[in-house]
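Novice: Protein sequence lines, in the order shown, are assigned to chains A and B. Quick note: the working numbering has the first sequence finishing at residue 446, numbered continuously throughout. Quick note: the working numbering has the second sequence finishing at residue 875, numbered continuously throughout.
Fair warning: there could be bad hints in the mix.
[To be verified] Distance windows between CB atoms, simulated:
no.	chain 1	residue 1	chain 2	residue 2	range
1	A	Arg-118	B	Ala-672	16 to 24 Å
2	B	Arg-796	A	Trp-194	54 to 62 Å
3	B	Arg-844	A	Trp-194	30 to 38 Å
4	B	Arg-796	A	Asp-296	40 to 48 Å
5	A	Ser-149	B	Arg-844	44 to 52 Å
6	B	Asp-565	A	Arg-88	40 to 48 Å
7	B	Pro-522	A	Ala-69	31 to 39 Å
8	A	Thr-86	B	Asp-455	40 to 48 Å
9	B	Arg-663	A	Lys-13	55 to 63 Å
10	B	Pro-715	A	Arg-73	53 to 61 Å
Rather than coming from a laboratory, the hints here were simulated on the basis of the structure. Glycine is no exception: its CB is placed at the ideal position from the N, C-alpha and C atoms.
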Amino acid sequence: MDYTETRRHELRKRRLMMVDGHLTLNSQTTDAGASARIYQGGYWGFASANDTTPASTLRMKAQAGRNAAAMARFGAKDTRALPGGTYRGEHVFRGRPAIGQQECVERMAAIHAWCKQRYPDLVSTRILLQDEHHSKWVATSTGSEVLNSIQRAACAVTFTAIGDTGTPVELYEPISAKGSLADLDLSVEALAPWLDQLHGHLQAKRHSVPARGGQHTIVLAPDLAGILAHEAMGHPCEADIVLGGAVTGDLVGQRIASELITMVDVAHTFNGEEAMIPVYADDEGTPARDAVLIKDGVLTDFMNSRETSQRLGLTPTGSARAYAPTDEPLVRMRNTVILPGTRKLADMLSEVEDGYFLMKTSNGQADSTTEFMFGIPLAYEIKAGKLGRAIRDTTLSGSAIKVLQSADAVSDDMSWNCAGYCGKKQPMVVSMGGPALRVRAHLGGE
Amino acid sequence: MGAVMNLQDTAGHALAQMRAAGFEHAQVTAAHSQLNELNVNHNEPSLLRSTDSRKLSLMGIVDGRMASTEVADLDPEAIRSRVAGLFADAAAAPRDAANAVSAGQHTRVVKGPQEAQLDTLAAKMGELLAFRQRETPRMIVEEADAKHTLYRWHTLTTGGSDLGGSLGWYGMMVAGSAREGRACSSLNYAYGAADSLTAAPAVDFFGIGEMMRQTERQIHTEPLGARFVGDVVLSPDAVASLLGWLQGHLGDTQLIAGSSLYRASVGQPIASSLLTLRSRFDAPGVAPVSPDGFNAPPVTIVREGVLQALTPSLYGSRKTGLLHVPVAGSGWEVAAGATPRAELLAGISRGAVVGQFSMGNPAANGDFSGVIKNSLRITDGVVGPALSETMVSGNMSRMLREIVAVSRERIDSGGLLLPWIRVANLHFS
Chain A
1 MDYTETRRHE LRKRRLMMVD GHLTLNSQTT DAGASARIYQ GGYWGFASAN DTTPASTLRM
61 KAQAGRNAAA MARFGAKDTR ALPGGTYRGE HVFRGRPAIG QQECVERMAA IHAWCKQRYP
121 DLVSTRILLQ DEHHSKWVAT STGSEVLNSI QRAACAVTFT AIGDTGTPVE LYEPISAKGS
181 LADLDLSVEA LAPWLDQLHG HLQAKRHSVP ARGGQHTIVL APDLAGILAH EAMGHPCEAD
241 IVLGGAVTGD LVGQRIASEL ITMVDVAHTF NGEEAMIPVY ADDEGTPARD AVLIKDGVLT
301 DFMNSRETSQ RLGLTPTGSA RAYAPTDEPL VRMRNTVILP GTRKLADMLS EVEDGYFLMK
361 TSNGQADSTT EFMFGIPLAY EIKAGKLGRA IRDTTLSGSA IKVLQSADAV SDDMSWNCAG
421 YCGKKQPMVV SMGGPALRVR AHLGGE
Chain B
447 MGAVMNLQDT AGHALAQMRA AGFEHAQVTA AHSQLNELNV NHNEPSLLRS TDSRKLSLMG
507 IVDGRMASTE VADLDPEAIR SRVAGLFADA AAAPRDAANA VSAGQHTRVV KGPQEAQLDT
567 LAAKMGELLA FRQRETPRMI VEEADAKHTL YRWHTLTTGG SDLGGSLGWY GMMVAGSARE
627 GRACSSLNYA YGAADSLTAA PAVDFFGIGE MMRQTERQIH TEPLGARFVG DVVLSPDAVA
687 SLLGWLQGHL GDTQLIAGSS LYRASVGQPI ASSLLTLRSR FDAPGVAPVS PDGFNAPPVT
747 IVREGVLQAL TPSLYGSRKT GLLHVPVAGS GWEVAAGATP RAELLAGISR GAVVGQFSMG
807 NPAANGDFSG VIKNSLRITD GVVGPALSET MVSGNMSRML REIVAVSRER IDSGGLLLPW
867 IRVANLHFS
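Using the sequences and the hints given, assemble the complete structure.
Specialist: Below is the structure:
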């Protein structure tokens with residue numbers, strides 16, 4: 001049976017970059033378009049254009065239909081109807097009234113001036129402000145009519161100093177929030193403790209030592225558990241990756257992690273509060289539900305789209321999302337989290353005789369084997385239960401299954417962020433969160 | 447799919463509006479791109495995409511204050527409204543004497559196939575899938591595409607620059623892993639752009655066929671299980687990671703922030719004499735024009751290990767006092783070496799052939815560590831099994847100096863033409 005979806009899509013972005021008081025980027029962009037996607041005879045046709053009028057949408061539907069029909073040259077395919085259900089609703093975040101470019105520039109200038117006066121040893125201070133607002137009106141032949149509006153904002157500061165070796169040492173840290181830049185408190189008073197902490201870590205990093213390469217006991221700060229969830233097990237639990245041969249396809253119902261680990265891709269609500277990237281219905285108009293990927297250490301579910309849920313015989317999760325007007329929905333994470341445990345971070349550190357405390361991450365990558373890595377720009381040695389010297393930039397890696405199976409402590413606190421992009425053919429705004437974890441994993445080093 | 451748009455008129459009207467709004471200097475680019483793309487998922491043809499995207503990019507300067515914007519709504523009233531908003535954005539910015547626009551630049555570039563041939567896309571995807579079934583049946587093509595892109599643009603500045611053209615190119619991308627029972631290789635990929643895909647079988651482009659064969663060889667892996675200092679043979683994709691780091695240190699952000707390792711190194715050796723890095727701005731899908739509106743003549747960045755030029759934009763140049771060197775958005779090659787690829791392994795007692803680096807951003811001083819993916823063990827000059835959970839660490843700057851051989855053979859992916867490179871003395875763990 002055929003399926004049709006149309007999407008009117010507007011994507012507004014703002015980016016400002018100040019390097020040592022000079023505004024090197026001062027940009028606002030708007031992308032908009034109408035698209036149609038048609039499933040016919042087991043093939044998809046997709047078409048998009050900038051014109052968002054009803055007439056344009058009709059033209060896109062006609063073109064998408066021709067494209068689907070043109071695929072028939074490759075032969076007959078599975079033509080069963082796509083599952084997924086119907087949703088009608090509008091979800092728009094009502095944050096503070098947006099602030100203008102002038103206010104953004106004034107706040108950046110104030111932060112820069114304060115840093116210059118307070119931290120005279122820095123050779124450079126970079127401040128990046130960005131927010132983006134996605135509005136998607138989706139209608140499907142199954143009767144769904146949805147407005148999804150997602151907004152997120154971030155402020156990132158990079159400090160550069162000269163290290164012991166006479167070469168530059170950098171440290172970067174973002175903060176993020178649901179909403180626009182107005183929803184982040186960018187006053188110097190609010191940011192001062194955070195900036196002092198960042199500067200303190202940079203001072204330690206100026207005298208840092210190389211990590212010892214190899215397997216170690218690692219305590220991951222709460223800021224890192226989210227990226228572990230996202231990269232290490234999140235991607236291998238996306239149903240399209242499973243269909244591509246990921247090892248997780250054979251492991252449903254099996255213990256793949258310590259029983260301390262429960263991991264969820266949250267659709268829209270966590271502990272009674274709306275998540276940072278709330279998805280009530282996805283870009284296929286499918287009602288979204290939480291996907292409990294790992295329950296007490298056992299692999300239980302995958303995130304999926306209408307098509308992948310049909311192929312794998314799963315209940316749809318509403319995880320199909322498109323980034324730009326020219327993009328088709330793909331299976332994407334929403335708000336991926338490892339649930340908190342019962343331990344205190346301080347106790348988890350004090351019990352380590354010889355290991356490392358990893359505090360910040362830069363980027364990460366996943367693999368269908370569940371082998372993952374992420375960059376570590378800030379970490380400290382742990383010696384006899386106490387934090388020691390900072391270590392130089394390194395990389396954490398391992399098999400997610402082995403690492404999560406080694407988890408022997410999970411803290412009772414949580415950290416969420418929505419600052420980064422997930423990359424998978426298209427970029428995507430996602431959030432991630434988690435508690436501190438203690439695991440065995442591989443650190444890069446000499 | 448969409449009507450042909452007069453880009454010169456659109457850009458001209460927008461520039462007039464920028465002037466009327468009070469901007470003293472401005473750059474305007476009207477662009478129209480059309481994409482036809484045939485997609486494969488999980489070994490099966492799945493989707494045919496047609497997209498038509500128009501965009502107007504505006505950058506304005508008033509009293510030394512700059513702001514920029516992009517809009518997709520090209521209705522004159524919408525543009526007028528956005529130009530007014532842009533003026534307010536610029537007025538809010540701090541004054542910066544380095545802000546400027548290009549002047550006196552002229553070019554028209556028309557190259558590559560200007561019309562999509564859907565039959566070509568279908569035929570190439572058919573060849574790819576037949577190859578997979580016949581030669582590499584354990585490979586699962588997670589996603590692949592064959593596509594044609596037509597990009598037309600017109601840039602005008604208040605300084606009288608007038609640059610435009612129309613680029614057409616074909617492209618292919620293949621990504622996937624190989625499986626046997628429960629064993630699974632790492633994800634691997636190959637991609638590139640070309641003016642034509644008809645001259646050879648699909649798998650002969652961009653190293654696609656070799657990648658698929660290699661991926662099947664990587665199903666069963668072994669951890670290295672040892673820590674040592676050894677040599678690596680970097681595949682072109684891993685070479686691209688090294689070059690990306692170098693080029694970051696030659697561009698605006700690092701030069702302006704004072705964190706570039708090479709700001710004072712022009713004329714000095716920064717790499718092995720075996721390394722020459724130069725532009726190929728005539729590559730498929732590339733126009734010899736910089737994003738800030740300058741003609742970009744051919745340039746050699748590193749000649750036999752000696753740094754020849756930094757690459758600040760006009761703004762970066764005015765900000766730092768360094769020579770402005772316009773470069774296109776892509777289009778680079780590393781000169782072929784004298785060593786046959788097969789001989790790069792000779793004399794390596796312990797090391798690896800590195801398919802890809804998977805790593806965090808290198809530190810500001812070039813220190814890095816990363817997982818080597820799609821990689822093979824080398825012992826006594828012989829390639830062994832595929833590796834898992836293996837990391838290398840070192841320093842990017844030192845790696846450039848530790849290049850000990852460059853292959854004769856190169857892979858042409860359009861925007862990059864790169865050889866295999868052997869580098870000594872990396873730490874394995």
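Novice: All the hints need checking, so say for each whether the structure fits it.
Specialist: Quick rundown of the hints versus the structure:
no., hint, in the structure
1, Arg-118/A <-> Ala-672/B: 16 to 24 Å, "violated, 47 Å"
2, Arg-796/B <-> Trp-194/A: 54 to 62 Å, "violated, 45 Å"
3, Arg-844/B <-> Trp-194/A: 30 to 38 Å, "holds, 34 Å"
4, Arg-796/B <-> Asp-296/A: 40 to 48 Å, "holds, 43 Å"
5, Ser-149/A <-> Arg-844/B: 44 to 52 Å, "holds, 49 Å"
6, Asp-565/B <-> Arg-88/A: 40 to 48 Å, "holds, 42 Å"
7, Pro-522/B <-> Ala-69/A: 31 to 39 Å, "holds, 37 Å"
8, Thr-86/A <-> Asp-455/B: 40 to 48 Å, "holds, 45 Å"
9, Arg-663/B <-> Lys-13/A: 55 to 63 Å, "violated, 42 Å"
10, Pro-715/B <-> Arg-73/A: 53 to 61 Å, "holds, 56 Å"
In summary, the structure is inconsistent with hints 1, 2, 9 from the numbered list given earlier, while agreeing with the others.
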